[in-house]
Amino acid sequence: MLYRHQDTLWNRELSRLSPVSPEDLRYDATLRTDLAAANVLDVVIVEGASLEEVLRGAERAQAALQTLVDTGIIGDVDSPANYLPSLATQEARRGVLPDARTLRDSLKVAAADLGVDLEQLTPFVEDVAAARRAAPVAPDDLRGTSLAAGFNALVLHQSDHWSALLPLHGADGATPDVDVARVAALLAQAKLPNTQILDLKLETDALYAGYLQEAIRLSWCGFVLIVLLLLAALRSLARVARLLAPLGLAVLAVAAGWSWQGSN
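In terms of the working numbering, the numbers along the sequence shown are unbroken and rise by one, the last being 607.
Because the hints were derived from the structure by calculation, they are not lab data. One should not assume that every hint holds.
What the hints assert, rightly or not - With a straight-line cut-off of 16 Å between C-alpha atoms, the simulated EDC-like cross-links for lysine to aspartate or glutamate are:
(1) 544 to 522
(2) 534 to 503
(3) 534 to 402
(4) 451 to 462
(5) 534 to 367
Claimed, not checked - For each label pair, taking beta carbons as the anchor points, the in silico distance ranges come out as:
(6) 572 to 392: 22 to 32 Å
(7) 578 to 502: 37 to 47 Å
(8) 584 to 353: 44 to 54 Å
(9) 547 to 454: 56 to 66 Å
We treat Cβ as the ideally placed atom computed from N, Cα and C, and that holds for glycine.
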């Protein structure tokens with residue numbers, strides 16, 4: 344039994360250690376698909392020395408990834424810059440707001456044939472004027488709002504190091520997987536500094552596989568040491584074999600039983 348299942352004897356996927364049943368995992372995936380949630384396993388990471396630097400990098404990365412969204416390679420991109428744009432973007436947006444006189448003249452022309460009383464648009468003109476004078480939005484301005492949770496979930500700060508996280512959506516809601524190779528190739532072509540894609544499943548499975556290999560190696564080393572200690576104590580290979588045979592057969596029988604149960 345162990346020989347027949349030698350290729351699948353060791354499970355090298357960390358996710359298989361989850362106590363959640365496969366049915367619940369599939370149901371969770373269905374809910375995430377219905378909610379159009381991002382695939383949290385594939386994340387573009389932008390690193391920098393300041394929040395402004397990573398926000399600008401996130402905006403550049405999102406602009407580059409938009410080509411993959413337009414061609415259907417990925418579904419969408421989440422970004423902290425959607426909640427708090429960089430200062431440069433805020434200044435650029437504020438710079439295109441017209442002054443009160445220009446805005447009133449434009450509204451007068453636009454509403455000429457609509458029968459709209461321009462006095463009713465005065466609050467709008469005042470709001471635009473206030474936006475032209477207002478200071479840029481800062482992270483503290485998001486505190487206490489619903490935007491703060493989304494922004495804080497996509498920004499990491501450790502000492503003098505900042506990271507912006509851009510989770511990716513799958514192209515097809517039914518198959519939320521992301522073509523990581525295409526995304527990595529695009530980021531390399533765009534030559535974005537301090538920007539990379541992280542496949543969390545690939546990385547965690549690699550870490551787990553390394554841990555598993557180390558555990559197997561140390562187990563064999565421990566077994567060899569036990570045999571050597573028994574040889575030193577009993578001074579007879581036959582006696583050591585008779586002592587270890589029941590233990591070894593018990594381990595093989597239990598392993599074969601679990602392997603058989605898993606195959607069914």
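Indices of hints not satisfied (ascending): 2, 5, 6, 7, 8
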